[in-house]
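First to last, the protein sequences are chains C and A.
Everything in the first sequence is counted per numbering that gives the first Met the number 0, starting at 0 for the first residue and increasing by one.
Everything in the second sequence is counted per numbering that gives the first Met the number 0, starting at 0 for the first residue and increasing by one.
Hints are computed from structural coordinates only; laboratory data are not their basis.
One or more hints might be untrue.
Because identical chains share one entry, a pair is satisfied inside a single copy or across any pair of copies.
[Unchecked claim] Below 25 Å or equal to it, Euclidean Cα-Cα: the simulated BS3-like pairs (lysine-lysine) are:
#, residue 1, residue 2
1, Lys90, Lys355
2, Lys250, Lys263
3, Lys399, Lys410
4, Lys402, Lys179
5, Lys410, Lys90
6, Lys95, Lys70
The model shown is predicted, which means the values in this text are computed figures rather than measured ones.
Protein chains: 2
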Amino acid sequence: MKNVKCLRCIKCGREYEAAPDATTCECGGILDVVYDYDYIRSVSSPESISASDNYTMWRYRPFLPVEEDTKQPPLRVGWSPLYEEPRMAEKLGIRKLYLKDDGLNPTASLKDRASSMGVAKAIEAGYDTISCSSTGNAASSLAGNAAAAGLKTYIFVPERAPIGKVAQLKIFGATVISVKGNYEETFELSKQAIDEYGWYNRNAAINCYLMEGKKTVALEIAEQLGWQAPDYVALSTGDGCTIAGVWKGFKDLYSAGFIDRLPKLISVQSVNTCPINIAARTGEPWQPMEENTIADSISVGVPRNPDKAINAIVESGGIPVEVTDDEILEAMRVTGRECGVFGEPAGVTGMAGLTKLCAEGKIPADASVAVIVSGNGLKDTANGIKAAGEPIRLEPDMDKFRKVFEELQAK
Amino acid sequence: MKNVKCLRCIKCGREYEAAPDATTCECGGILDVVYDYDYIRSVSSPESISASDNYTMWRYRPFLPVEEDTKQPPLRVGWSPLYEEPRMAEKLGIRKLYLKDDGLNPTASLKDRASSMGVAKAIEAGYDTISCSSTGNAASSLAGNAAAAGLKTYIFVPERAPIGKVAQLKIFGATVISVKGNYEETFELSKQAIDEYGWYNRNAAINCYLMEGKKTVALEIAEQLGWQAPDYVALSTGDGCTIAGVWKGFKDLYSAGFIDRLPKLISVQSVNTCPINIAARTGEPWQPMEENTIADSISVGVPRNPDKAINAIVESGGIPVEVTDDEILEAMRVTGRECGVFGEPAGVTGMAGLTKLCAEGKIPADASVAVIVSGNGLKDTANGIKAAGEPIRLEPDMDKFRKVFEELQAK
Chain C
0 MKNVKCLRCI KCGREYEAAP DATTCECGGI LDVVYDYDYI RSVSSPESIS ASDNYTMWRY
60 RPFLPVEEDT KQPPLRVGWS PLYEEPRMAE KLGIRKLYLK DDGLNPTASL KDRASSMGVA
120 KAIEAGYDTI SCSSTGNAAS SLAGNAAAAG LKTYIFVPER APIGKVAQLK IFGATVISVK
180 GNYEETFELS KQAIDEYGWY NRNAAINCYL MEGKKTVALE IAEQLGWQAP DYVALSTGDG
240 CTIAGVWKGF KDLYSAGFID RLPKLISVQS VNTCPINIAA RTGEPWQPME ENTIADSISV
300 GVPRNPDKAI NAIVESGGIP VEVTDDEILE AMRVTGRECG VFGEPAGVTG MAGLTKLCAE
360 GKIPADASVA VIVSGNGLKD TANGIKAAGE PIRLEPDMDK FRKVFEELQA K
Chain A
0 MKNVKCLRCI KCGREYEAAP DATTCECGGI LDVVYDYDYI RSVSSPESIS ASDNYTMWRY
60 RPFLPVEEDT KQPPLRVGWS PLYEEPRMAE KLGIRKLYLK DDGLNPTASL KDRASSMGVA
120 KAIEAGYDTI SCSSTGNAAS SLAGNAAAAG LKTYIFVPER APIGKVAQLK IFGATVISVK
180 GNYEETFELS KQAIDEYGWY NRNAAINCYL MEGKKTVALE IAEQLGWQAP DYVALSTGDG
240 CTIAGVWKGF KDLYSAGFID RLPKLISVQS VNTCPINIAA RTGEPWQPME ENTIADSISV
300 GVPRNPDKAI NAIVESGGIP VEVTDDEILE AMRVTGRECG VFGEPAGVTG MAGLTKLCAE
360 GKIPADASVA VIVSGNGLKD TANGIKAAGE PIRLEPDMDK FRKVFEELQA K
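Produce the entire structure from the sequences given, and follow the hints as far as they go.
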């Protein structure tokens, strides 16, 4: 990999060769992929990337840690739409609002970006089986991307994972272990099993390549805005890997000279489960919290990648903000009604946080903001109905409909 | 519209000016958009279209019945991936298999193509409210596309519509009437309400423009194969509008000289609900049937667009084939496991039919086949679980996992 210098521990600074199945540092710290930006600049430019006809995350190959002959996995991951939302921007009182609908990835979440990378690296390393634990989306995306590439998967999910995600896993042919416990216990069991059976490890906090897949969402936002960063990027934070990936993406582009300024990150967590945000706000070490939000994808009381995430928020001069479940449900309704985008609870949590900050006057009126919708609402239809209510049930009778219609008009 | 000559009744041949809110012929027949292929050829070519950087269905504007100044609706509809599936092709014993995953549209079904067109035409005609009846996908796609464009919707669904589709409707802010009756009764109620309140009519069998949106799936398949048709295109048939649209798309390209041969259409219906297939096979007029299949999107006993559909199957020299619910569930599993694509039951019914025909030796070994996956399995997770089974439930205990693993290995 000519574009990669090494893997470096974010805790102790020790450097490693970039083996495709590298895990954590021997000190326990998480590794980070270190790039040679001079090399990247010598082989690519904003213009050369924009001229690519590869409309997937793999158009950013100069910024991705894979060998030159590594094949792009089969599913079409990335290049999700970035919608401009002028009506919503006006309501929020900001200059520009963009919605990045990553629910339109093949298995309907941003996690496909990490899984596509994971599958590519597992094949590089010569594995035929991959495993992970996940609150749901990482798992279903791994199962789908691995199935398309002909790899086997063992997946560990906490029993609370919503039915949509479990159905995906099973359909994609994964061996699925629904763990009677919380995310932490699920993660620990998967870790033991992976160690014992020698599978490729697709846990984002252990496998440092996955974040490099996730960062492509940031590369796309920048390219879709004509190679510039918005003033703010708002997204939900759980384990911490996604916000860390977003920050890495913007920093990569900045380091290579492809963009000339960086955005501030708005990290949105649940008021009940927000260890990363509290640490970012107070500067104190993070503390475990209970897992208690309808936004299952970010219901992470013991985050696995807190250091990179906290650093991303602080280094960007960003804003940590917490929202209630009711605010998340309201964001589901508003994003659906105003933008035609149906996000899962964690998928619209970024929007909920931005809405709160705008109401509090914390976002300047001339700001441009990109909100990442990280997962599709079809994964969690029960909360969709909870947010938006039941339909009107009626006999097939025009007189009865007329009455209903008049009542609706009178409201 | 310089590319459109007129609307012509497929029953009596009477011609009409192409008004944006045209409905059916006064004889009751369905209208068809008639193009000026010389004009289309004079303003476009395969090369000019392939050079477009508009990666949506609207890249085919020379073939679409809209005014020059009509704005493309906001959601990113179309240009879904066409995956080549060599492993599945080998299993089926055919030369080439392609999977067109139309479940990756914004509201997760092919129907977004019709709804994007419907929204464009409603705005052309000056309406602010659109209505339709639907087994589910047409409805949710209309609600989403209309919401993004700032239009109101009234939607009529039969009470059996799966929760995923209902959740979408409600989230997109539609007024949803869940009709205590079958699809026929739902359709009739919507027709009366539309007539009485003067909404824009997005019922695909009444509004002839919608099929022109649907046909873009065929235009894409041809372009993605380098401007040629595969030998066969397999898809599920319900109301008949989609297969008629697919045929129109290939014929448009052929008439304009963009492709040099036409595919045969494989129309797949449920053994229990197959009025169009029986009519296509026997040459007799179609007869109403009961609605009885898990594939809710094609559970249509009284099809609303049978004539165009039957004509498409017969004229293409195509094959009508019927499958059982069990064969549909098996196709869900196989398409998920082998291709990493999760289709709803009707979404994989085309694959089920192709599988049956291949097993019966009815598809030549040197054939190339494109299968259209018309909707995402996340819309109907209950049937996903039915197809693929439940996960293994386990305490977070490595000893217990080891035992499970050994049992799995012994199988």
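Evaluation of the provided hints:
{"no.": "1", "hint": "Lys90 to Lys355", "result": "within (12 Å within a copy, 54 Å between copies)"}
{"no.": "2", "hint": "Lys250 to Lys263", "result": "within (12 Å within a copy, 51 Å between copies)"}
{"no.": "3", "hint": "Lys399 to Lys410", "result": "within (17 Å within a copy, 58 Å between copies)"}
{"no.": "4", "hint": "Lys402 to Lys179", "result": "between (49 Å within a copy, 16 Å between copies)"}
{"no.": "5", "hint": "Lys410 to Lys90", "result": "within (22 Å within a copy, 59 Å between copies)"}
{"no.": "6", "hint": "Lys95 to Lys70", "result": "between (38 Å within a copy, 20 Å between copies)"}
Checked against the numbered hints given earlier, the structure satisfies every one of them.
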